[in-house]
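Chains as they are written, first to last, in the numbering used here: chain Z, 14 to 724; chain F, 589 to 739.
What the hints contain is simulated information worked out from the structure, not anything from laboratory work. None of the values given here were measured: they were computed from a predicted structure. Be a bit skeptical, because a hint or two may be false.
[As the list claims (entries may be wrong)] Residues from chain Z shown here face chain F by an in silico Cβ test under 8 Å; the list is partial:
no., residue
1, E81
2, P165
3, R169
4, A171
5, L176
6, L188
7, R191
8, W291
9, S295
10, T297
11, D324
Cβ coordinates follow ideal geometry from the N, Cα and C atoms, glycine included.
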Amino acid sequence: MTTRLRPNVLAHPSPTTGRFLLLVAALASAGLLTGSSFYTITHQAEFSAAMKTCLAAIRGPEATSTEEMLARAALVTECLAPQQRLDAIYSLAGAVAIGVLGLIVMLFVPMVLRRRRRLRPAGPNMAAAVARVGELAAETGLRRAPTVMVGPMGHRDAFVFGLPGRYQIVLPMALMVRWRNSELFDPVVRHEIAHLRRHDVLMAWLAASVWLAAPAIFAVLLVPLMLRLDASFILQYSWRMGLLIGLVWLVRRQLLRSREHDADLHVARQMRDWRPLWRVLSATAAHSQVSWRRWISNHPGAAHRQQVLVDPATGPGVSFVDGLVAAFLAGLLFPVLVRAVGAVTDFNLAPIVAALATGPLLGLAVGAGLWRQALIDHAAGTRRWPGGAVIGVVTGLLLAYFTEFASIIGDDAPVSWPTIALTVVVGAGAVLLSASTGRLWADAAAGLPAGRTTWTIGVVVNALFFGIAIWLLGFLPVYLDVFTTAGVGLAYPLVILGAIVAPIAYLAIIPAVVTMYALVARRKKADVPAWLIDSAHTGIADVARKPGLGAVLACSVAAGLVAAAGVLMHRFAVGPPVDDTDSLSRYLVWLSAGTLVALAVSFASVVMIPRSGGAIGLVAGAVTAITAGLFIVSINTFGFGNILDLKFWWTTTLAITAQWFLGYLLILPLALVTWFAPWRDVPGWLHTTVSLTAAVTTATLVAGVAIAASG
Amino acid sequence: MDDDSALIAELAQVALVSVAPDELMIFDETAEEYFTDPEAALTASGRDAAVGFGLELAMITPIALSVGSAVMQAVVGHLAGRALDAGQTGLAALARRVFKRPAQQPDLTLTTAQAQQVRATAFERARALGLPDAQAHLLADSFVGAIATAG
């Protein structure tokens, strides 16, 4: 029987916070992009002249090697740096302008609101109601009760507004006069006070203010566009900005809806009973909503709110829109940040810095949300499918690709299908990696530290997952383009892949260690921790506890050995290499054997282990790839007497691991298919048997094909 | 507030005693707001606003005042002929004589059928303004009771 407990969804970072960050990032992005576009339009001639000068400086015979090509590209980048810096300044100015204007609007909002809605402080004839509001605020733990305001009779709803320290609660007259009716008055007032307690008033009004301020900044760009009298520019800019505004609008409404659920659950927890608020909601006018309105309304329907009160596990999780907006913004911001960072620092470092800046955006809005959902499911005994988030992220990344603002002026670059395919694979893979690791983390909940520590780890891991994904998307298409243009074939890019991936590989150690820790911690059989539930009784959750870390590591090391054995088999069959070309093809056999065997092991984990299989496949595949690399180079050095070059060892191992990781992203979407499989545990012996069978088969096939090709 | 409004307010106030006694403590300011702009007082503002609980909690007072207006018109309609005979021209004066009739003018009393029609008018108006059936019945009864007991 499945253990179903009432989860304490407030123990986790709220989706409202993630959505607020998304909103701020969206509006900041809009500012950045507007600034950058302003620069592009107003400095187009200057930029063209600089570009001509820079290209003239490197003019000469065609580059004879990839290194020379890259060196020339670096020279051009350095030469264009002053223009790039100017672009960065304009971009920053756009973002700052939206922020400042938003803050100014926010300062004036209370005054405008009081005037427009004709609000006034509750009079002395309502002193008893005001006193009751004060009592409820004190009970909730607010140091200072909000000022109670009333509006005209047409005003029938309650809300809170104002700035910190000067919050105001607006109550309809009909509620004020019924202050003695505690079944009606108290839950409504408690709900509004919960907004203050959860600090989401400032959040909601800042979001509203920046939303109001943004069009003024967007309009600024229209001036130079109009002056150019070119309708195509205006069209190019308008549809892009329209798309961005549309997405901001969607996420803003999501934010407003999710904060209502948060406040409802806060009241239920505070009153130790969800029924009083449930009864008030029964009497509200907007009882249910047609499905499409759920996406665009400012409020969740009363029926949905009641449902969430009864069963908090049904509350909003990471939605398609969260994924869409977060990925769209990350994809849009990344190139802008690369240009901006590259203009002021080492250009090679810029993509990593930009990925580390945009990764947390997706990590918080999508990754942390998926981990939150996993912990909620852990207590509630549910298993929500992450497909919506996957589709949202992939769609968002694709939209960002097609919306590249840099091409507002000038010819649009042709659509690159390999880039589109990579975007789909990397986007979906990153989300599923996060979702699976979250499941594993939730399985280990009984052995995890409570609250903030767990969440800090979650946010860091997810920021890294998505940061790495964004970096890959920024670098891989360019990388492939460079080598395709240079016509150097597949061998060279594969050989140097390890060196390029190295800086990111160090960052991947953190999620790997966390995943391994969870594999150990989930073995502990204990009650669902009190911080995760909202009820007096607890119980042991039905979690997956097998395979354990020991079995996974042993199986992976054995699989690495199998890959090395395949390489050895090939070597014995075809003898030592005869020239450099032959050596290079042998090296490619090493890389292929290590990569494909690691992929086979990961594949077995994803298919066999529902939900957390993606995380276990991560550990199993990574360990297999690393051990395969180490065994292969060890045999080469110690078995065949080649020189001991630790740098060569490291780059070979990294190249196998990097190739495996890229391939693994391709396999990960399978986790969506196996998500609802009913079994939980997969015994270590079974996992090992299947994984090793897959490894042996793959190694034999690779060796066989390589031997056949040599013959 | 003119005489007509004052009388409607007086009548509504009596009706509210049984329907929504809580609202009497702010009756004067509510009535004043209603007579300034009856339409605004009866219409909800800011539906699905960006912030808010999602309540749709209306005061009964503006509805009672609106029903009071309809009741006044109905009563005047029924008694117009007799009022002319009695030399009364003002609506308020006529109604006052119905509600606070002196003993020497028994002919200005509503018949049972007329009282039922007034009640039906009050009920229909209350329903049209969105009051649930039970409350609409109570309000209509209160108005008829107010008329009957006013003298």
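Are any of the numbered hints broken by this structure? If so, which, sorted upward? Violated hints: 1, 5, 8, 9, 11; rest satisfied.
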